[in-house]
Amino acid sequence: MNPVITKQTIERFLIEDLGFGDPSTQMFAAQKIKGQFVAKQTGLLCGQAIPQQVYDCLGAATYTPLLAEGSPVLPGTVIGTVVGDAGVLLAGERTILNLMQHMSGIATTTQTAVQTLADPEIKIADTRKTTPGLRIFDKYAVTVGGGYNHRLGLDHGIMLKDNHIAAAGSLTAAVTKARQYAGPMMQIEVEVETKAQVLEAVAAKADIIMLDNQKPETIKTWCRLIPPSIITEASGGITLANLATYRHCAATFISLGFLTNAVQPLDLSFYLEGVIKA
1 MNPVITKQTI ERFLIEDLGF GDPSTQMFAA QKIKGQFVAK QTGLLCGQAI PQQVYDCLGA
61 ATYTPLLAEG SPVLPGTVIG TVVGDAGVLL AGERTILNLM QHMSGIATTT QTAVQTLADP
121 EIKIADTRKT TPGLRIFDKY AVTVGGGYNH RLGLDHGIML KDNHIAAAGS LTAAVTKARQ
181 YAGPMMQIEV EVETKAQVLE AVAAKADIIM LDNQKPETIK TWCRLIPPSI ITEASGGITL
241 ANLATYRHCA ATFISLGFLT NAVQPLDLSF YLEGVIKA
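Sequential numbering from 1 applies to the sequence shown in UniProt numbering.
Any given hint might turn out to be false.
With a straight-line Cα cutoff of 20 Å, these simulated EDC-like cross-link-like pairs (lysine to aspartate or glutamate) come out [said to hold, decoys possible]:
no.	residue 1	residue 2
1	Lys177	Glu200
2	Lys34	Glu16
3	Lys34	Asp56
4	Lys205	Glu217
5	Lys205	Glu193
6	Lys32	Glu11
7	Lys34	Asp85
8	Lys161	Glu200
9	Lys123	Asp212
Simulated from the structure, these hints should not be mistaken for lab results.
The structure presented is a predicted model; accordingly, all values stated were derived computationally and were not measured.
Whenever a hint applies, use it, and build me the whole structure from the sequences.
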């Protein structure tokens, strides 16, 4: 993750949460105290850089990660400790947990998807279906889970979908127009839903062809019509429940929106030294 971008984003999150200040921590002033972050659920850990980035925005505190990024955790696993001003630790607690739980949930789901597909020839990728403001964290978490990033934003590639094709008049016209604007490093992807569109996209020399909402057998058949020089993407209607059926479907990668838009956060907690839990 770009630390400049993450710092700016975290500052916005803290401004939103703190408002004019946290009155519940003012009584502690600069009281030094220790704390620890603990996993309460089995999963994959992501976001170990977050605590220190949050503390750096708030004041004096030092976070020590006890596990490497991407480590598996079990309930009760201590993932890191912190020493610092009590007010800083308490004010940053929720922002840290919100981000780490969210990112760890994405990493865990991504790892599950990779293991479910169980096909080293096909990459699992994300989409732009991310929560506004969280994309840099979401995309990073996918890579920690063993997945790959699709476009980071609209400026990272040209994707011609049904609406673009309709506006241009035809698939071929859309690719031709896009070539006029694409720089030498910009790839052009075309979404197709019929065999005729596959052949047209190949003739138009698209760089990537997305086979949208197709069954595994259809994808395998259509991939035989596409030369190896063209990247193929399978997308649409693919869930964890049916992902294994796409094993050996011959696509270059499978993009999954649910990696980031149906996130189940991983349960993590923060405890100050001396906390008593039932």
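Each hint tested on the structure:
Restraint check for Lys177 and Glu200: satisfied, since their Cα atoms lie roughly 15 Å apart, inside the 20 Å limit. Under the criterion of a C-alpha separation no larger than 20 Å, the hint pairing Lys34 with Glu16 is inconsistent with the structure, at around 26 Å. About 16 Å separates the Cα atoms of Lys34 and Asp56, which keeps this hinted pair within 20 Å; it holds. A threshold of 20 Å between alpha carbons decides the hint, and for Lys205 with Glu217 the separation of about 24 Å lies outside it, so the pair is violated.
At roughly 17 Å between alpha-carbon atoms, Lys205 and Glu193 fall within 20 Å of each other, so this suggested pair holds. Proximity of Lys32 to Glu11 is assessed by CA-CA distance (about 23 Å); at most 20 Å being required, the pair is judged violated. Distance check on the hinted pair: Lys34 and Asp85 sit about 9 Å apart at the alpha-carbon level, within 20 Å; holds. A C-alpha spacing of about 14 Å is found between Lys161 and Glu200, which places the hinted pair at or below 20 Å, so the restraint holds.
With a C-alpha separation of about 16 Å, the suggested pair Lys123 and Asp212 falls inside the 20 Å cut-off, and the hint holds.
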